[in-house]
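Trainee: What follows is each chain in one-letter form.
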Amino acid sequence: MWTQKEVTIAPRPRGFHLVTREILKQVPEVHSFRIGLMHVFIKHTSASLTINENADPTVRSDFENFFNHLVPEDQAYYEHTLEGSDDLPAHFKSSILGNAVSVAITNGELNLGTWQGIYLCEHRNLGGVRNLVVTIHGEVWEK
Amino acid sequence: MWTQKEVTIAPRPRGFHLVTREILKQVPEVHSFRIGLMHVFIKHTSASLTINENADPTVRSDFENFFNHLVPEDQAYYEHTLEGSDDLPAHFKSSILGNAVSVAITNGELNLGTWQGIYLCEHRNLGGVRNLVVTIHGEVWEK
Amino acid sequence: MWTQKEVTIAPRPRGFHLVTREILKQVPEVHSFRIGLMHVFIKHTSASLTINENADPTVRSDFENFFNHLVPEDQAYYEHTLEGSDDLPAHFKSSILGNAVSVAITNGELNLGTWQGIYLCEHRNLGGVRNLVVTIHGEVWEK
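Residue numbers (my numbering), protein chains in the order written: chain U, 1 to 143; chain Z, 1001 to 1143; chain A, 2001 to 2143.
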């Protein structure tokens, strides 16, 4: 059994944002699967998806600060600079963090750890709406 | 055909550890699949999974040293510091390295390269037992 | 419905290379799937796969330069050095960038964003031919 949907994530400021609920709200089909996988793919190269700590908001602000140190803007050797100081670092960050997450579905729910949530990592200053492809496959409950 | 199991990995010291055999021992079902994928997901935000060189142990100790340089502890700008010096860097490392791996199954075996193995990346000083969700799907052998 | 193939990528110089077409040419089966996922796995630990910007070639040369800064060669503390200065950094880069990508299939085509392409990230000076396992599963068109 397969379900696939293109969903959007409302614009967020640059930084790391918990979006588990915003995604799940748009794919209630998850609850129909007894066992399976949910694949979430972001159709952009300057924003990314990862899974990390879902509780303390300072973890997310620390992520933003750390990745700005790890991937500095405006290095002299950068060539792809016409789209702004935040563009090329956004490409690097999105490949470091990844453009997709896959999560197991168990008894109609995402089988995440207690402290895990899905992050939208917005690397642009003005990223706008972000488009995701959510693909779910697995076995549905027997009727 | 789907198989899904929660398995545990025995506690390891901080560092990078080959766990391919420890995982496979717990999911002998892999051998029933002629073709498919095995998805392994770690339900934690301070340990991660990756695939890398399975032979020389100094590769794994070099990984530990390199990622400690890449993601330093105790930076002045870190805010999420109450859980210890190793906690916030563990979160960063787990998103850089990733919380899941997917490997093709071919003729009942993981289709890894000769030099590839699955690493548990333990980023905490005392991480304890780690919980994984292993989801296998594919086509089983015809009887 | 499952399709699995081992395919090769022609040798590339060290750097980041768009290989979407070279992969798709070898798996025309993609077009048979109405809905599904394509999983591409690289069977090496010194080259990797990621998805990023498919237009401006300076993005790819900037990737090469940036990751050489992020993961320097010849650090005094490296122990695994017998295979050359480019070997250990290649292992680190391959775990940072990842050894697999998964892309949704929608109506017989990869459902990538407009600006997305699959990169082969060749981290060795002389990497040679690279072997991939492509696993496609999904629902085929009704006849």
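Honestly, the hints are just simulated from the structure, not real lab data.
All values reported here derive from a predicted model rather than from experimental measurement.
Warning: the hint list may mix true and false statements.
One-sided and incomplete, this derived list gives chain Z residues near chain U with beta-carbon spacing under 7 Å [claimed, not checked]:
{"hint": "1", "residue": "1005"}
{"hint": "2", "residue": "1077"}
{"hint": "3", "residue": "1092"}
{"hint": "4", "residue": "1111"}
Using 16 Å as the maximum straight-line C-alpha spacing, the simulated EDC-like pairs for lysine to aspartate or glutamate come out as follows [what the hints assert, rightly or not]:
{"hint": "5", "chain 1": "U", "residue 1": "5", "chain 2": "U", "residue 2": "22"}
{"hint": "6", "chain 1": "U", "residue 1": "25", "chain 2": "U", "residue 2": "6"}
{"hint": "7", "chain 1": "A", "residue 1": "2043", "chain 2": "A", "residue 2": "2006"}
{"hint": "8", "chain 1": "U", "residue 1": "5", "chain 2": "A", "residue 2": "2109"}
{"hint": "9", "chain 1": "U", "residue 1": "43", "chain 2": "A", "residue 2": "2109"}
{"hint": "10", "chain 1": "Z", "residue 1": "1005", "chain 2": "U", "residue 2": "64"}
{"hint": "11", "chain 1": "Z", "residue 1": "1093", "chain 2": "U", "residue 2": "64"}
{"hint": "12", "chain 1": "A", "residue 1": "2005", "chain 2": "Z", "residue 2": "1064"}
{"hint": "13", "chain 1": "Z", "residue 1": "1025", "chain 2": "Z", "residue 2": "1139"}
{"hint": "14", "chain 1": "A", "residue 1": "2025", "chain 2": "A", "residue 2": "2006"}
{"hint": "15", "chain 1": "Z", "residue 1": "1005", "chain 2": "U", "residue 2": "109"}
{"hint": "16", "chain 1": "A", "residue 1": "2093", "chain 2": "A", "residue 2": "2109"}
{"hint": "17", "chain 1": "Z", "residue 1": "1025", "chain 2": "Z", "residue 2": "1006"}
{"hint": "18", "chain 1": "A", "residue 1": "2093", "chain 2": "A", "residue 2": "2074"}
{"hint": "19", "chain 1": "A", "residue 1": "2005", "chain 2": "Z", "residue 2": "1006"}
{"hint": "20", "chain 1": "Z", "residue 1": "1043", "chain 2": "U", "residue 2": "22"}
{"hint": "21", "chain 1": "U", "residue 1": "93", "chain 2": "A", "residue 2": "2064"}
{"hint": "22", "chain 1": "U", "residue 1": "5", "chain 2": "A", "residue 2": "2064"}
{"hint": "23", "chain 1": "A", "residue 1": "2043", "chain 2": "Z", "residue 2": "1109"}
{"hint": "24", "chain 1": "A", "residue 1": "2093", "chain 2": "Z", "residue 2": "1064"}
{"hint": "25", "chain 1": "U", "residue 1": "43", "chain 2": "U", "residue 2": "79"}
{"hint": "26", "chain 1": "A", "residue 1": "2025", "chain 2": "A", "residue 2": "2139"}
All C-beta atoms, glycine included, are put in the ideal place defined by N, C-alpha and C.
Trainee: Hint check: residue 1005(Z) vs residue 64(U), CA-CA at most 16 Å. Holds or violated?
Mentor: 34 Å, violated
Trainee: Taking the least C-beta to C-beta distance, is residue 1092(Z) closer than 7 Å to chain U?
Mentor: 5 Å, holds
Trainee: Does residue 22(U) lie within 16 Å of residue 1043(Z) when you go C-alpha to C-alpha?
Mentor: Given that 16 Å is the threshold and the Cα spacing comes to 21 Å, the pair is violated.
Trainee: Is the Cα-Cα distance between residue 1025(Z) and residue 1006(Z) 16 Å or less?
Mentor: 13 Å, holds
Trainee: Take a quick look at whether residue 2093(A) and residue 2074(A) sit within 16 Å of each other, Cα to Cα.
Mentor: 14 Å, holds
Trainee: With the threshold set at 16 Å, check whether the alpha-carbon distance from residue 2043(A) to residue 1109(Z) stays at or below it.
Mentor: 14 Å, holds
Trainee: So if I understand the rule, the pair passes when the alpha-carbon distance is 16 Å or less; does residue 5(U) with residue 22(U) pass?
Mentor: 14 Å, holds
Trainee: Does the structure keep residue 2093(A) and residue 1064(Z) at a Cα separation of 16 Å or less?
Mentor: With a Cα-Cα distance of about 14 Å, the restraint between residue 2093(A) and residue 1064(Z) holds, given a limit of 16 Å.
Trainee: Is the straight-line distance between the alpha-carbon of residue 1005(Z) and that of residue 109(U) 16 Å or less?
Mentor: Given pair residue 1005(Z), residue 109(U) holds - Cα atoms ~15 Å apart, limit 16 Å.
Trainee: If you draw a straight line from the CA of residue 2005(A) to the CA of residue 1006(Z), is it 16 Å or shorter?
Mentor: 29 Å, violated
Trainee: Does the CB of residue 1111(Z) sit less than 7 Å away from some CB of chain U?
Mentor: 18 Å, violated
Trainee: Using Cβ atoms only, decide whether residue 1005(Z) comes closer than 7 Å to chain U, and label the hint accordingly.
Mentor: This interface hint is violated because 10 Å lies over the 7 Å limit.
In this structure, the earlier hints numbered 1, 4, 10, 12, 13, 16, 19, 20, 22, 25 and 26 are contradicted, and the remaining ones agree with it.
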